[in-house]
Amino acid sequence: MLLYALRRLLLAIPLLIGITFVSFLVIHLAPGTPGEVQTGDLSIQSDKDMQKLLVELYDLDKPLHVQYWKWVTRLVRLDFGRSFSPDARPVLQKIRERLPVTLFLNIVELLIIVTLAVPIGVLSATRQYSVFDKVTTVFVFVGFATPDFWLALLLMILFGVQLGWLPISGLRSLNWEYLSFWRQLWDFAGHLALPILVATFGGLAGFSRYMRQSMLEVVRQDYVQSARAKGLSERVVIGKHALRNAMLPIVTILGLSLPHLVGGSVIVESIFAIPGMGQLMVQAVFERDYPVIMGNLVIVSTLTLVANLVADITYGFVDPRIRVGARRGRR
Amino acid sequence: MQRVARLTPALALALALGGCGGDADSAVDQSVRPGEKPAYGDTFIEALTGNISGLIPNVLSDGPSFEVGSMIYSGLVQNDRDLNIVGDLAESWRFSKDCLDLTFKLRKSVRWHDGQPFTAADVVFTYEAMINPRTPTAYREDFKAVESAVAPDAATVRIRYKQPYAKALQSWGTWMLPKHRLEPWVRAGKIREAPENRTSPVGTGAYRFSEWRPGEKVVLVANPDYHEVGPYLSRVVYRIIPSQATIFLELKAKGVDAAGLTALQFKRQTEYPAFRKAYNKYEYPASAYTYLGFNLKDPRFADRRVRRAIAHAINKRELIDGVLLGLGREATGPYKPGTWAYNANVRTYPADLDKARALLAAAGWKETNADGLLVNRHGHPFTFELITNQGNDERKKVAEIIQASLKELGIQVEIRVIEWASFLKEYIKKRRFEAIILGWGIGVDPDQYEIWHSSKTGPDELNHISYANPEADALLEAGRQSCVQRDRKKYYERLQEVLAEDQPIIFLYFRDALPVVSSRIRGIVPAPNGIRYNFNEWYVPKHLQRYTAG
Amino acid sequence: MGVCLAVLAVLAPVIAPWDPNRPDIKKILAAPSSIHPLGTDQLGRDVLSRMLYGARVSLAVGFVSVGIASLIGVMLGSFAGYNGGPVDGFIMRLVDLMLVFPRFFLLLAVLAFLRPSIWTIMAVIGLTGWMGVTRLVRAEFLALKEREFVVWSQSVGASGFRIVWRHILPNAMAPVLVAMTLGIPAAILTESGLSFLGLGVQPPHASWGNILNEGKDAIEIGWWLSVYPGLAILLTVLSYNLFGEGIRDALDPRLRQSAGRIVTRR
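Residue numbers (my numbering), protein chains in the order written: chain W, 1 to 331; chain C, 1 to 550; chain F, 1 to 266.
Check before you lean on any hint, since a few could be wrong.
[Said to hold, decoys possible] Derived pair list, reagent style DSS-like, types lysine-lysine, alpha-carbon separation capped at 30 Å:
1. F/Lys26 - C/Lys407
2. C/Lys277 - C/Lys297
3. C/Lys397 - F/Lys27
4. C/Lys489 - W/Lys62
5. C/Lys366 - C/Lys297
6. F/Lys145 - C/Lys281
7. F/Lys27 - C/Lys267
8. F/Lys26 - C/Lys397
9. C/Lys144 - C/Lys105
10. C/Lys167 - C/Lys397
11. C/Lys144 - W/Lys70
12. C/Lys456 - C/Lys430
13. F/Lys26 - C/Lys281
14. F/Lys26 - C/Lys355
15. C/Lys489 - C/Lys97
16. F/Lys27 - C/Lys407
17. C/Lys144 - C/Lys297
18. C/Lys297 - W/Lys62
19. F/Lys26 - C/Lys267
20. W/Lys62 - C/Lys429
21. C/Lys407 - C/Lys429
[As the list claims (entries may be wrong)] Across the chosen pairs, the derived CB separations fall in these ranges:
22. C/Asp460 - W/Leu64: 23 to 33 Å
23. C/Asp80 - W/Trp165: 39 to 49 Å
24. C/Asp460 - W/Arg8: 53 to 63 Å
25. F/Leu11 - W/Thr115: 43 to 53 Å
26. F/Arg93 - W/Ser226: 36 to 46 Å
27. W/Leu25 - F/Leu11: 37 to 47 Å
28. F/Pro13 - W/Val76: 28 to 38 Å
29. F/Pro13 - C/Lys144: 20 to 30 Å
30. F/Phe90 - C/Gly458: 45 to 55 Å
31. W/Leu64 - F/Val10: 22 to 32 Å
32. W/Leu111 - C/Ala404: 56 to 66 Å
[Stated by the list, open to error] Covered stretches of chain C, going by a simulated chain W footprint (3 or more residues, C-beta under 8 Å):
33. 211-217
34. 230-240
35. 251-258
Hints in this document: simulated from the structure, not taken from any laboratory.
These numbers were taken from a predicted model, which means no experiment stands behind them.
We put the CB at the ideal spot given by N, CA and C, even for glycine.
Next comes chain W alone, as it looks inside the complex (with noise of 0.2 Å):
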């Protein structure tokens, strides 16, 4: 088992050179200076200078593997340089105090997201082509196929302007400071509500389609068939011994769509205006801001990385055909 694990986290290196190495890629073959301005109008004022000194001080004139190999010794370091923007902050500190909303808000989406996928999974595998597969089948798919910004619009007008049951934007009201414990946490709540119920329902299709197949899978095997054979109850059959083999995977499937819900909190940020990942990446993207969408991209396919790692490792605690293959590879 420990093998495992050693052998899943070896793999990982690798992965993680080419992040970076796709990250530094993807910015740097593509044409197009810093600083070049995208505006309407002239200006009647121009300083020609702020170019040159952005290429001295990020030697943006040296040929690109020099700047790969400078970039990649300072991450090392956790050093992502400092940003483009005129704040000229680390930016790793702009990460970090963007980060724990983004991990936050997708680790509630996912908790509620499974919560709700694997009933409607497990049930409409067991009642195959009835009424209530077909109406969540198309539930779900609504929810997937429903632009997000669109949905988030339509219920920020009737839930914020026409019922004005709950604020529209932001992550906290103005009077947060001066209200107890409880109402924090009840104002946090209600300002988080819309932006969770759009992401939930747009992620909702992925996961319950998913636990369905692999439900469906699971009750057409050999013991699912002998345990009823057996006369067991078909609650016990399900419960007991389909579900907990259905469920499996799920670990995996966890890990993997982590990228998925953090690419999908671009809009949903940008929308109800969460100051998290999604929002500081779309900024950075506007200003061409090198530095902070190179460690956006490190950073978050590094966090997946990690995801995926635990997730194996996870999974391989779980299931007992990992765990025999790996003592039988030790042998």
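Got chain W; can you put chains C and F on it based on the hints?
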């Protein structure tokens, strides 16, 4: 969501120095009810579309940072309601006869937000910081003409210029920086990394910095030691909301107290009673105009009669109604109505197709061919390409309306919309265009030497239409060498007459800025300088105050 | 439904009642009527005509980008599956690597530097979406390689290319088709998301995504501006998804697991 708005430095400076400027709708405070007295308190909530990038606006270039910075810092001079220059940190100033020496007398007893006194040494320091090549600022140009700046005593600053510089006075509206805080950072060339740019800015403005949560909000609190009236509103909160659609919904739900609207929102989406009750709407011309420009190297457009004919063919009012739902003003020249340099008595070109035809005939465009197009004596039809940049539907619509109007004259216009970067690089800089639809953002000072002077026609220079008129050149030179507003006014008034006669470009319109502000806010007096110039005098009567905690 | 739409899109110039890019300042935001069945937009352009032309752009983005992704996926997948060994290992690590990046982040980063034209958008969506197909094709190859007809052709000395082209690929195409059917709606959605950020297909070209995005600014006074394109996207994506699921269920059950992974948005 739109691309993060970047203001051009000139336009941004104008904004920062005091609102968007404009023609007075009425000089009456629409919001004051009889019997109300200014009261302290309440919070004013605004939305910013982008995160601010720092707290020392002198070294930044984005709109949001300017907006916040202009509340925290102040300059030696500022612009009043009519865009005249008046004292701020300076009590008075005097130019020498030759316009080369400028002496400021500073206000006494002004204190920085940390309690230190503000002195002439700070002014000299700010100047030195701005010309330091290691300070990454876009406004160095303004101070390059300075030969020396000295502080003979704590309340006097003496500046000597190498040659007369028209924008001299205006340039001292730049935000003053505290020497006692920033000196080592400027020396090290790391002003952007100073804590004053991050967590603890120290200025002399009406508001002190309180809190900045990146991506979320910036909070300012009233400065009780402010050297002028007010401020009455005790807190200003800037919420960072990237999506314009979200800002508008927040406005409707009263989550923000003010916002700028689009023409469509202004006319069609905010007219219902509940909104009218909750908000006051304002309109005044923004500091930018849209024009139809010709390449004057093209022999057809080099003929003034042709340009005048086209001017007569364009109905500016119809254009404004169609493109801006009526929310704009006809432009007659490059200065904004209501400002001191503006001249209303210039030649105008009312829509008149007969006059246009007569002018074209005089210029040799008499006959029409089988397609109904005007032809010259060689039989060449009058067709030209009109280009504009992508991402601006307004300009495209202008082009289409002009296309339709000129068709009636027998001139065929082909429209091309080109992506902004290549538009600039391939067409404007290389002068490879026949006609363009573009806009100019205008600064507070009327000096437009860079745009109209015949020496400014190089590839990277701004006279891309290649305009050359000796009289205009002389006026532009005289205007920028003088420091006496009375004289300058004469030069610029004449310049407008010359431009109106010549029509080197057809000045189309000034778009209106369309802000709305919560109706509980009192003291707003729209003026040529917009509405923000007297923000410190805005207040909420006690019984209407909404945010009282803290 | 999918086919129907494609036909409508191709025929757009014939059936569209108006020029989709021609503004009419006298008819700004006109409600649906017999002249403009789906109303007009902020510039007085006919929404129906714009939607028909938009269908071309949106479907083109879907088809071309998925085409690119599938081409890369089939090539890499068959290469990996047929050769096995270190080549396989390398390609699969590449797949793992690309899967670790949030696709939308990657798209944004690339589009910030390339000017967002319809071609760059197709290319970029395609180039970031080939991993699923690669895995599928490889899995098919691994399974088919051992089957007797392949083993037999190898024994009679057929060339590697010929074996792949004639014998294995046709058999591996079914799951690829399913993956493509499911990839098209995802690409359409991705384009609409990019449009929201201002990085989608640029005006004056209409795609459903940017019609919807423009419509959001007048959502309360011109419901037809956002409801119709919104529904168009929704129904198209829905129909492609259900269609894809349908053919998958009809095919070999072994496909299910691997194809299931395609149903992710970005």
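Going through the hints against the structure:
1. F/Lys26 - C/Lys407: holds, 19 Å
2. C/Lys277 - C/Lys297: Violated, at roughly 55 Å.
3. C/Lys397 - F/Lys27: holds, 14 Å
4. C/Lys489 - W/Lys62: Given that 30 Å is the threshold and the Cα spacing comes to 52 Å, the pair is violated.
5. C/Lys366 - C/Lys297: holds, 22 Å
6. F/Lys145 - C/Lys281: violated, 74 Å
7. F/Lys27 - C/Lys267: Answer holds: lysine 27 of chain F to lysine 267 of chain C is near 15 Å, not above 30 Å.
8. F/Lys26 - C/Lys397: holds, 13 Å
9. C/Lys144 - C/Lys105: The hint holds at about 22 Å.
10. C/Lys167 - C/Lys397: violated, 36 Å
11. C/Lys144 - W/Lys70: Distance of about 37 Å is beyond 30 Å: violated.
12. C/Lys456 - C/Lys430: Within the cut-off at roughly 14 Å; holds.
13. F/Lys26 - C/Lys281: holds, 25 Å
14. F/Lys26 - C/Lys355: holds, 27 Å
15. C/Lys489 - C/Lys97: holds, 17 Å
16. F/Lys27 - C/Lys407: Roughly 21 Å between the alpha carbons, so the hint for lysine 27 of chain F and lysine 407 of chain C holds.
17. C/Lys144 - C/Lys297: violated, 33 Å
18. C/Lys297 - W/Lys62: violated, 42 Å
19. F/Lys26 - C/Lys267: holds, 15 Å
20. W/Lys62 - C/Lys429: Distance ~28 Å between lysine 62 of chain W and lysine 429 of chain C Cα, so the pair holds.
21. C/Lys407 - C/Lys429: holds, 29 Å
22. C/Asp460 - W/Leu64: 23 to 33 Å: holds, 28 Å
23. C/Asp80 - W/Trp165: 39 to 49 Å: holds, 46 Å
24. C/Asp460 - W/Arg8: 53 to 63 Å: Holds: the Cβ-Cβ distance is about 57 Å, inside 53 to 63 Å.
25. F/Leu11 - W/Thr115: 43 to 53 Å: holds, 46 Å
26. F/Arg93 - W/Ser226: 36 to 46 Å: holds, 40 Å
27. W/Leu25 - F/Leu11: 37 to 47 Å: holds, 42 Å
28. F/Pro13 - W/Val76: 28 to 38 Å: violated, 57 Å
29. F/Pro13 - C/Lys144: 20 to 30 Å: violated, 58 Å
30. F/Phe90 - C/Gly458: 45 to 55 Å: Once the Cβ atoms are compared, 54 Å apart, the range 45 to 55 Å for glycine 458 of chain C and phenylalanine 90 of chain F holds.
31. W/Leu64 - F/Val10: 22 to 32 Å: violated, 44 Å
32. W/Leu111 - C/Ala404: 56 to 66 Å: holds, 59 Å
33. 211-217: holds (count 5)
34. 230-240: Answer holds; 3 residues pass the 8 Å Cβ test.
35. 251-258: holds (count 3)
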